[in-house]
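S.K.: Sequence:
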Amino acid sequence: MNDYIVYTDSGCDISPELLAQWGVGLSSLTFRFEDEEVEYTGPEMSVEDFYDRMRAGGVAKTSAINIGSFIDAFEPLLQQGKDILYLGFSSALSTTYNSAVIAVRQLSEQYPARKIIAVDSLSASAGQGLLVYLASEKKKSGATIDETAAYLNEIRLHICHWFTVDDLEYLKRGGRISPTVALVGNILGIKPVLHVDNEGKLVNISKIRGRKKSLAALAEKYAELAAQPESGTVFISHSSCVEDANALASLLHEQHGVSVQLITDIGPVIGAHTGPGTVALFFVARER
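Anchor point for the sequence shown: position 106 equals 106 in our numbering, and the numbering is continuous, going up by one each time.
These are calculated hints, taken from the structure and not from any lab test. Among the hints, a few may not be true.
List of simulated lysine to aspartate or glutamate pairs, DMTMM-like, C-alpha gap at most 25 Å [as the list claims (entries may be wrong)]:
{"no.": "1", "residue 1": "Lys82", "residue 2": "Glu48"}
{"no.": "2", "residue 1": "Lys221", "residue 2": "Glu147"}
{"no.": "3", "residue 1": "Lys138", "residue 2": "Glu154"}
{"no.": "4", "residue 1": "Lys82", "residue 2": "Glu17"}
Pair ranges (Cβ atoms, derived) [what the hints assert, rightly or not]:
{"no.": "5", "residue 1": "Thr144", "residue 2": "Ala216", "range": "37 to 45 Å"}
{"no.": "6", "residue 1": "His253", "residue 2": "Ile67", "range": "43 to 51 Å"}
{"no.": "7", "residue 1": "Asp52", "residue 2": "Ala150", "range": "23 to 31 Å"}
{"no.": "8", "residue 1": "Ser108", "residue 2": "Lys213", "range": "44 to 52 Å"}
{"no.": "9", "residue 1": "Gln79", "residue 2": "Lys213", "range": "50 to 58 Å"}
{"no.": "10", "residue 1": "Gly257", "residue 2": "Asp3", "range": "37 to 45 Å"}
{"no.": "11", "residue 1": "Glu254", "residue 2": "Gln80", "range": "44 to 52 Å"}
{"no.": "12", "residue 1": "Ser141", "residue 2": "Gly57", "range": "43 to 51 Å"}
{"no.": "13", "residue 1": "Glu37", "residue 2": "Gln255", "range": "44 to 52 Å"}
Think of the CB as a built atom: it goes at the ideal place given N, C-alpha and C, for glycine as much as any other residue.
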C-alpha cells in the first residue's frame, strides 16, 4: 500500500502547528487590506492585529490559491513517492478547490504511478477542520487513500456549521444582507444565526435579539441535530471573542455532557467576511 498524506488549505482554521501534529499538509490562501498592496498568508500578522484593523475600519480582501501554487506544493510530495488526498475549502465559497482539481489533473499526467485525489469539503472554518481531523484519524486507523476519500465524501454532508455574528456590518460588506437590514439589526441588537447548507453556501436561518440568546440557539441546534449528543467530536471557532466561545462550550457541557475537543481562532480567510465577534459550532450530525 502506497503511503499518502492528507493535505488541506487555510480555509480550515486549524493552526499549522496542530495540522503538523495530525500529519496534515497545508497551503494558504492570501489576504490584504484595501489600503495597502502587501499580501499576507497568515503568520506575518496575528489574528488579534487582524481583527483590530477590521474594528478600526480596515477592509480585508482574500485571494484563492492558484493552480501553480498547488503544483509547487504537491510535486515535491509526489517526488518523495507519496500519494496525496487533498480536502479543500468549499467550492461554493472559493475557487481554491477548483484550482486544486486542475493541478491534480496536470500532475496525474506527469506522475501516473502516483494517486492524487481532491475532495470538496463543502465546508469552511473548523467545519472543514473537523473533516481534516476525521481524515487524519481514518488514516491512522490504517485506511487506504481510497477508503479515506470515500469516507469523507460520505460524511461531509453530516458536518454541521452553525454560527452567529456580533456585528452585521461585515455581512453587509460581503453582500449577505442589505445596508438597511444591517443598520436596523445593529440598532435592535439582532444577532443572526447562520449555517452552511448542503451546497457549501452560507444561509441566514434566524434572527435572535442579544448575544446570550444567539449562543443558546447554537446549543439548541446541537441538541436537535447531533448524531451523538453526549460523545461526539465538537469544534468551536471564534474571531477575537474567546470568552463567548468558552461560554458556548460550557453551555454544551452543562446541557448535554459533551466536552468540546477544540476551540480555535477564525483566521483572516473566513474572518474577512464575518468580522470580529463571530462564534461558530461544528459537529457530526444526522443531517446538516
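S.K.: Confirm or reject each hint.
M.R.: Hint check results:
1. Lys82 x Glu48: Status violated; Cα separation ~37 Å.
2. Lys221 x Glu147: 30 Å, violated
3. Lys138 x Glu154: 13 Å, holds
4. Lys82 x Glu17: 21 Å, holds
5. Thr144 x Ala216: 37 to 45 Å: 43 Å, holds
6. His253 x Ile67: 43 to 51 Å: For His253 and Ile67 the Cβ distance comes to about 44 Å; the hint holds.
7. Asp52 x Ala150: 23 to 31 Å: Violated, since Asp52 and Ala150 (Cβ atoms, about 43 Å apart) do not stay within the stated range.
8. Ser108 x Lys213: 44 to 52 Å: 50 Å, holds
9. Gln79 x Lys213: 50 to 58 Å: 54 Å, holds
10. Gly257 x Asp3: 37 to 45 Å: Holds, at about 39 Å.
11. Glu254 x Gln80: 44 to 52 Å: Check passed, 48 Å falls within 44 to 52 Å.
12. Ser141 x Gly57: 43 to 51 Å: Hint holds: Cβ distance 48 Å, inside 43 to 51 Å.
13. Glu37 x Gln255: 44 to 52 Å: The hint (44 to 52 Å, Cβ to Cβ) holds, given that Glu37 and Gln255 are roughly 48 Å apart.
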